[in-house]
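> Given the coordinates of chain E, work out where chain B should sit on it, guided by the hints.
Below, each chain spelled out in residue letters.
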Amino acid sequence: MRRNKYKTTQSPFNWMNDKDMIDTLIVDAMLAGGIDFFCSLPCNMLAGIIRIIDGRDDLDHIPITREEEGVGIAAGAHLGGKNPAILMQNSGLGNSINALLSLTTLYRMPLLLLMSHRGGRYERIVAQMPMGDAIIPLLETLGIDYCSIFRRSDIASIRVFAKDAILKSEIKAVLLQKELWDEES
Amino acid sequence: MKRVDILRIVLKVAVEIRGFIISNLGFPSRELYHIRDRDENFYMLGSMGLCGSIALGLAVSSPEKEVIAIEGDGSILMNLGSLATAANIRPPNLTILIIDNEAHSSTGFQPTFTAGVTDLAAIARGAGIEDVVTVRDEKELESRFFDAVKSDKLSLIVAKSDKSWEDVPIIDLDPLLMKKRFIKAIRADFEG
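For the record, the sequence lines run as chains E and B. Just so you know, the first sequence maps onto residues 1 to 185 in the numbering used here. Just so you know, the second sequence maps onto residues 1 to 192 in the numbering used here.
Mixed in with the good hints there might be a few duds.
To be verified - Below, a list of computed lysine-lysine pairs in the DSSO-like style, where the Cα atoms sit at most 30 Å apart:
1) K150/B - K65/B
2) K19/E - K178/E
3) K180/B - K65/B
4) K180/B - K12/B
5) K2/B - K12/B
6) K184/B - K163/E
7) K180/B - K163/E
8) K168/E - K65/B
9) K163/E - K12/B
10) K160/B - K150/B
11) K168/E - K180/B
12) K2/B - K150/B
13) K153/B - K12/B
14) K12/B - K150/B
15) K168/E - K184/B
16) K163/E - K19/E
Keep in mind that the hints were calculated from the coordinates and are not lab data.
Same shape as in the complex, but just chain E (with noise of 0.2 Å):
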């Protein structure tokens, strides 16, 4: 049972294109892998992906401050018996590496963090380079398991990443790229 849901605006389009079928996807995926309880920070690539699980009075959704609150957050509701996953920009796994070390890491947690993959050849904001490019060498170095996802066909991945988070309590990783959203249907 919800208490004092935190209702972020809702989008005035409820028809259904391609874009929301790939949003949808991608919730389906991480709800069957077993996740239950989300932390988000919005991003333009993440925003469907949010809006569908704030819409859903059976998830418990919390919008963050800052990523690293929600490695905190995510930890407490693993002691509360929920499964969780963080959505944010991979720039926020920077803000979280001593969190995600030092207490999910510490004390065995599953976590599955979903993050829209910025940089690259598509990226317009400059300032997204520099994480965009040291991710991959970042999760590698912590020891973070993760996947990239380019195709709608790889979006099975998920569900496999978060029941794999849960199972093995540990920190999993997806990283959407751009192009799933621009992949001819």
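Frame of chain E; chain B shown alone:
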């Protein structure tokens, strides 16, 4: 007030109402562990600044439990955004206690900005938390803290503390075992 005496009062009330405590790292956790260890205490060992956030996640996911965050002035100043999040989510079963000794006591009492011009209670009110009080003696703390945990709304207490610390050893619990017994206590309560 000495911090250890504040912790004694918090623990007494927590035991009475079966409250689940998320305790800030360093000497606050060590002193709490030293006074009386219990399964319903979660001792942070790292991730400074996230005490209130962990407690918020627990309170939202366990709405039938009373959750108590034992924060410090130094740690809350690292994560002031968490006060805005808590104020907007408003978990009625969450009480945030900030032990404000105006210093980083675990590293040698270097002053924090609450020793200067910063007022944590005003920040909490500005974040949107309605039930905020500052206490300066043990009698007032006990009565206000008891009311706060029993109330059906989010509460925050700033307890002004002396620069005191107890020479107690580090916590020798395995983090994984400590977490598991905490989760077991939450679930046992749920099933019982």
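> If any of the earlier hints don't hold here, list their numbers in rising order.
As far as the earlier hints go, only 9 is violated by this structure.
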